[in-house]
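K.L.:
The task is simple: from the sequences and hints, build the whole structure.
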Amino acid sequence: MDGQVGLDWLLWFLFIFLLSYINREMEIFRIIKEIETYLLLYGDIRKKAINCVVKTFKEAASKNGNMIDESAVEQRVLSLVETVFIDPESRDPYGIINKLKHLLITSDETMSKEVKIILPSLDEISLENLKDLISAAHELNYIYKAVDHYYRMGKRFKSLWILMQLQAQLPIITEYVRALESSLEAFSKGFPIGDSAGPLVVDTFVKKNGGDFTYKLIAKKTILMEMNYKDRKIYVIKAHGPSGVTGHLDDALYNLFSTEKEIKMIITVDAALKYEGEKSGLVIDGIGVAIGGIGVEKFNIEKLASEKGLPLYAILVKMSIPEALSIMSKEVTLGIDKAVDRIGKIIEERTEAGDKVVLIGVGNTVGVYP
Amino acid sequence: MSVEKLRVAKNRWIITYIVFLIVIIIIAIHFAIISFVEENPYASTMIFMLILAAAYISYNLWKTIKVEIPLFKTFMLVKCSSCGYAEIMTPKKGDYVFKTIGPCPKCGGEFIIYSIYREKIKTRRAFSLSILKTK
Chain G
386 MDGQVGLDWL LWFLFIFLLS YINREMEIFR IIKEIETYLL LYGDIRKKAI
436 NCVVKTFKEA ASKNGNMIDE SAVEQRVLSL VETVFIDPES RDPYGIINKL
486 KHLLITSDET MSKEVKIILP SLDEISLENL KDLISAAHEL NYIYKAVDHY
536 YRMGKRFKSL WILMQLQAQL PIITEYVRAL ESSLEAFSKG FPIGDSAGPL
586 VVDTFVKKNG GDFTYKLIAK KTILMEMNYK DRKIYVIKAH GPSGVTGHLD
636 DALYNLFSTE KEIKMIITVD AALKYEGEKS GLVIDGIGVA IGGIGVEKFN
686 IEKLASEKGL PLYAILVKMS IPEALSIMSK EVTLGIDKAV DRIGKIIEER
736 TEAGDKVVLI GVGNTVGVYP
Chain C
128 MSVEKLRVAK NRWIITYIVF LIVIIIIAIH FAIISFVEEN PYASTMIFML
178 ILAAAYISYN LWKTIKVEIP LFKTFMLVKC SSCGYAEIMT PKKGDYVFKT
228 IGPCPKCGGE FIIYSIYREK IKTRRAFSLS ILKTK
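Top line first, the protein sequences correspond to chains G and C. For what it's worth, the numbering used here labels the leading residue of the first sequence as 386, then goes sequentially. For what it's worth, the numbering used here labels the leading residue of the second sequence as 128, then goes sequentially.
Hints were generated in silico from the structure; no laboratory data involved. Quick reminder that beta carbons are idealized off the backbone N, C-alpha and C, glycines included. You can take every hint at face value.
Ranges of calculated distance between the beta carbons of each label pair, as one might list FRET restraints:
#1 C:Thr-227 to G:Ser-492: 34 to 40 Å
#2 C:Leu-179 to G:Phe-542: 37 to 43 Å
#3 G:Glu-560 to C:Ala-159: 47 to 53 Å
#4 C:Ile-215 to G:Asp-477: 55 to 61 Å
#5 G:Phe-542 to C:Ile-149: 43 to 49 Å
#6 G:Leu-425 to C:Ala-159: 40 to 46 Å
#7 C:Phe-199 to G:Lys-646: 44 to 50 Å
#8 C:Glu-246 to G:Gly-729: 25 to 31 Å
#9 C:Tyr-212 to G:Asp-726: 19 to 25 Å
#10 C:Ala-159 to G:Leu-404: 32 to 38 Å
#11 G:Leu-404 to C:Phe-199: 46 to 52 Å
#12 G:Phe-642 to C:Lys-200: 43 to 49 Å
#13 C:Glu-195 to G:Lys-646: 52 to 58 Å
#14 G:Met-411 to C:Lys-190: 20 to 26 Å
Here are the simulated DSSO-like cross-link-like pairs (lysine-lysine), alpha carbons at most 27 Å apart as the crow flies:
#15 C:Lys-220 to G:Lys-440
#16 C:Lys-226 to G:Lys-605
#17 G:Lys-448 to C:Lys-220
#18 G:Lys-530 to C:Lys-132
#19 C:Lys-206 to G:Lys-593
#20 C:Lys-219 to G:Lys-606
#21 G:Lys-664 to C:Lys-200
#22 G:Lys-432 to C:Lys-200
#23 G:Lys-432 to C:Lys-132
#24 G:Lys-433 to C:Lys-220
#25 G:Lys-593 to C:Lys-219
#26 G:Lys-440 to C:Lys-132
#27 G:Lys-574 to C:Lys-206
#28 G:Lys-715 to G:Lys-592
#29 C:Lys-219 to G:Lys-574
P.N.:
Right under this line is the structure:
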């Protein structure tokens with residue numbers, strides 16, 4: 386009788402142990418299936434991006450009266466998409482900004498040359514928009530490969546922890562993938578994106594206050610417009626649109642300061658990521674330089690301003706990640722006028738009549754002239 | 128995600144759930160008849176289990192129908208620089224902000240694009256029609 390009870394208990398414990406093991410295995414299986422679904426979608430979007438680039442090449446070629454070999458273009462695009470940007474060595478950080486800038490310029494010029502090899506007679510606007518499209522495809526390819534790498538690692542080592550970490554990040558990664566996917570439409574059609582808010586705000590400021598769009602190139606792909614606002618002289622700097630470029634704003638500022646010594650203030654206007662609870666198109670003030678990206682331009686502008694003792698003010702137009710990269714949303718468009726009014730108020734309240742102010746529109750100027 | 132993929136997946140799941148629900152209802156009716164005719168006690172247990180399954184599938188169906196697929200349309204605001212007359216139009220590829228697209232239809236002044244933006248369109252109704260077109 387006692388022996389029977391002991392066996393029952395043993396079987397019961399074995400059953401519990403087996404159940405916990407099966408539960409863990411089922412959890413791994415469920416997570417793997419979920420990651421596979423995401424990967425399938427990322428793969429589709431990556432393919433769509435590459436097809437979009439090839440299609441845009443084809444359209445640009447037919448517009449210029451050229452014929453291109455589609456498979457050769459696809460191969461070339463695939464090789465561009467696979468190209469990696471190697472960060473400079475940072476164990477000795479001295480001079481890293483200059484090294485980064487050099488690498489960024491090299492990367493940009495190489496991309497231009499590669500596109501020009503396929504389509505030598507391509508106009509400047511189409512060239513820059515194509516480069517942006519290739520960059521989006523490059524980013525999507527990178528995300529797909531990185532997620533696939535961790536998925537395979539987790540599966541190979543049957544590591545629940547690697548898989549769970551990846552699964553936890555997938556909704557956030559998906560947001561970014563969605564944003565990149567919607568940027569394809571904007572860049573292929575040449576329409577402004579959420580990130581174009583900065584250039585659009587400064588252009589609207591010029592237009593609204595009676596300035597004309599007479600400009601001169603002050604640095605590579607960067608323009609300078611001059612206007613008067615309530616007895617102040619305003620120097621407006623932005624990337625040269627309507628092509629999808631961000632310009633060289635730091636170089637433009639250095640070139641401007643080489644001729645203009647009496648500048649009293651620098652205002653930067655840029656798109657900024659909103660918190661979940663904030664509304665898109667919200668306009669807020671900031672102190673400092675509002676520039677995203679790798680940090681080269683931000684560093685150089687901060688360096689110049691601190692050397693000259695100039696106050697740095699910023700105006701930020703808030704938006705989500707998908708909004709920043711897709712065609713400008715209505716909410717962000719409504720924020721543009723508010724940001725323009727805010728610039729006026731800052732200039733009136735923080736400068737005196739006769740002062741000179743630099744206004745910089747930061748961001749990709751795709752679809753915004755000039 | 129990719130809107131087209133999401134729409135196809137949503138439609139497929141809705142059809143799957145509806146088919147499951149119909150099958151469960153048919154089986155439940157079958158057991159109800161057995162329960163009344165033969166007075167089989169197991170039949171009522173089966174009916175109870177099937178009602179639970181139907182409730183679960185209905186809940187999933189409702190959740191799937193509620194998944195909103197964002198549909199966007201792009202517009203541009205075009206304004207006359209002289210008289211202020213404004214129109215909302217659909218932009219063409221290559222249009223950009225501050226481009227002059229021609230003379231103003233009212234006064235002949237410069238008709239300039241002031242903004243190009245996209246707007247979310249409600250999708251529920253659009254979905255109920257598109258489900259019929261699913262391959």
